[in-house]
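Q: Protein chains in written order, with numbering that gives the first Met the number 0: chain E, 0 to 396; chain A, 0 to 359.
Think of the hints as simulated: they come from the structure by calculation, not from any bench. One should not assume that every hint holds.
Claimed, not checked - A few chain A residues that face chain E, going by a derived Cβ cut-off under 10 Å, partial list only:
| id | residue |
| --- | --- |
| 1 | A3 |
| 2 | L67 |
| 3 | E269 |
| 4 | S273 |
| 5 | H280 |
| 6 | F356 |
As the list claims (entries may be wrong) - Far from chain E by the CB rule (all over 10 Å, computed), these chain A residues:
| id | residue |
| --- | --- |
| 7 | E13 |
| 8 | A34 |
| 9 | P56 |
| 10 | R164 |
| 11 | I178 |
| 12 | T185 |
| 13 | I212 |
| 14 | G252 |
| 15 | S292 |
| 16 | R305 |
| 17 | L323 |
Nothing here was measured: the structure is a model prediction, and the numbers come from that model. We put the CB at the ideal spot given by N, CA and C, even for glycine.
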Amino acid sequence: MDLAYSKEYEHFRATTRAFLEKHRAQFPKLYGGGRPSPEMMAWQKLLIENGYAARTIPSEYGGYGAEPDILKSRIISEEFTRAKAPMGLAGQGISMLVPTLLEVGSEEQKRKYIAPTLRGEIIWCQGYSEPGAGSDLASLQTRGMEDGHDFIINGQKIWTSTAQSADMIFCLVRTESERAKHQGISYILFSMKTTGIEVRPLKTMTGNAEFNEVFFTNVRVPQDNVVGGRGQGWFVANATLKHERGMLGDPNAANTRLQAIIDLMKEETIDGQRLMDNSVLRDRLMQLQSRVLAMQFHGLRLLTAAATGDDVGLARLIVKLEGCELNHQLAAFAIDALGELGVLYHDSPHLRANGFWQRAYMFDLGLIIGGGTAQIQKNIIAERGLGMPREPKLAKD
Amino acid sequence: MEFALDQDQKMMQESVNRTLDRVCPLDRVRKAADANEPAADVWSALVELGMPGLLIPEQFGGVGLKLLDAALVSEAIGRHVAPVPFIASYVMAPLALLRAGSPAQQSNWLPKLASGEITAGVAISEHVGGARDGAGVAAHNGKLTGKAMFVLDFDDAELFVVADRENNLHLVDANSSGIVESPLTTIDLTRTIGELSFENVDAEPLAQSDALIAMRDAGWIMLAADTLGAGWQMIEKAVEYSKDRKQFDRVIGSFQAVKHLCAEMAAELEPGRSLVWYAAHAFDAIPGDASLSAAHAKSYLGEIGRFVARTSTEVHGGIGITDLLGLHFWFKRIGLNRQLLGGPERVRHLAAVMQGFAAA
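Please take these sequences and the hints and turn them into a complete structure.
A: Below you can see the structure in the form of structure tokens.
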């Protein structure tokens, strides 16, 4: 156990800090998803050139080309947070498609898509879930019929965030209808401008349309756009889901929320009494602090294990379940602490934090459900982590 | 940056667990609990591994390791519900002597503790958990008068470390005249807890220092580690049982209702391991974080421990609540750990005080 960083890393930290200090004037406004602003794209370019974005992506594909070093990645994220500097572009193209292409894409696909995606020139959306294929994603019914060198795609996707501004989609399509369920799917890339695609915003309980429905009617896509081979889509997609689950349970997000709640409880008063002076609220705050600290140290443990290749048993499998739940509980507590003010929303007078806590409380419920529901996570923990038997399959009538 | 156990720690953990697997099966626990006495043979096996001298420097016959090492031992002891003295005798008392003992006090007591020749009881409950039923000890001219409750590692202790009402620490030879020892019988018969009454009892003061806080923090961390070990054992027992027990022509472990209970236990308890590791590491290496992380380790494991204890019992169905299976030894151990040195609410209040969120 040694929580200090070695000289090499301390030097890296100092360099990172100096870089951010020097370029403070160029910090773009926070990026809210969708299409990045010109300032954001310029920032992204600067970050890639200096190794603070696309760090481990080979330079031949437009990345910085450094060896993977999980501690350096962590230092970058810590220093950016400390300087309140916007990180490089995120989004499903960069966090999910690019790693997938690097793993299983053809040379041509890598050359064509990775660099412009990293630069923020191509925005992607993910076409996985369907109305009838949620937790049982492999039962998806969007079909691609072979027609010469093309597929003709028909069907519907749902929960497609950023579809309204995306240039391209990476999409799971059933192309081999005669094959068994997991073997009949292909992972296909195509333009969202292709004729026959309709995007309908899906308004959620937050009042915003964070997702979309996407309809395909006779959408013609070249067969060359398949990644990883026809019928291999399920296995290709699983490589990406791994990346998503790691992303969804970020313990630093929980710590940021906890600190905001501490500030709130020191500043807000009810009947002239600080919220922090209410012992019931304070006890709930301390309970949440225990959990936030536990998950933070758990994160450090996983970080070390990722760097050393140590086996941590089921420790990694619990992050999505526990992390999403904790964030949700933090939002719930902030609402409770605010009392009646906690219900204000939209553009109401007396609104606190721009309605963040209610919005987060509602939106995070979606995160508990999405990316593998809490119940699916528990199956995974029980079956892969604890070695418990799978549910026997029902006999088909 | 490395948040992990090192090779030596992994080896020690394995060897303590292997030894306890051998010498401390359920039958042995049951026999000791029936008498509410420590198991001398189990203890001897741990003495052979050098466990009593874990935190005591080499010059006094110990091995001079760190609190994280002690936490790993405490976890293994909890895992086996081993009826042995440890937390007070070999963690808290040595820390008091090391931080606040005079050279004479150290050379008098530390070698006897390091060799496992004697055990030591610790009486600081009034300072940490709060004074009840008129408890409290007054010191006057080197004599103690009053009573101390929830004394840890009570049975057969030759030395007591006692906190008085002014939060000063004293060493008391158990053979001094004027002491009345009365056992307190808790739910957990694998450990001995008691009450001391003093009537003008000779005591040697320890120096003014942070020793009481260090004992409290270390005690919290050890109790949390004990629950971590006991809790994981209860999860493993539940999983094992669920793969064996059949109902409706299926092993019950294939029902999602049962699987999800097991997954919830694991998902809640496992982050507690990192919290215990961090708190134990901070105790020696990051003093500014030590008390707060110790408090969080104690209260988190107290809460999650209770959830695991009742849920594992539930997964076992009716047989889980019988004496036959012996699962209750773990259930009760976790229950005792939760309350000793302050229940979760009290410890969380202290955590708030430490951060300036509440007045003491």
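Q: Now tell me if each hint is right for this structure.
A: Checked hints:
no., hint, result
1, A3, "holds, 5 Å"
2, L67, "holds, 6 Å"
3, E269, "holds, 6 Å"
4, S273, "holds, 4 Å"
5, H280, "holds, 5 Å"
6, F356, "holds, 5 Å"
7, E13, "holds, 14 Å"
8, A34, "holds, 36 Å"
9, P56, "holds, 20 Å"
10, R164, "holds, 25 Å"
11, I178, "holds, 38 Å"
12, T185, "holds, 25 Å"
13, I212, "holds, 19 Å"
14, G252, "violated, 5 Å"
15, S292, "violated, 7 Å"
16, R305, "holds, 13 Å"
17, L323, "holds, 24 Å"
Violated hints, listed in ascending order, are 14 and 15; each of the other numbered hints is respected by the structure.
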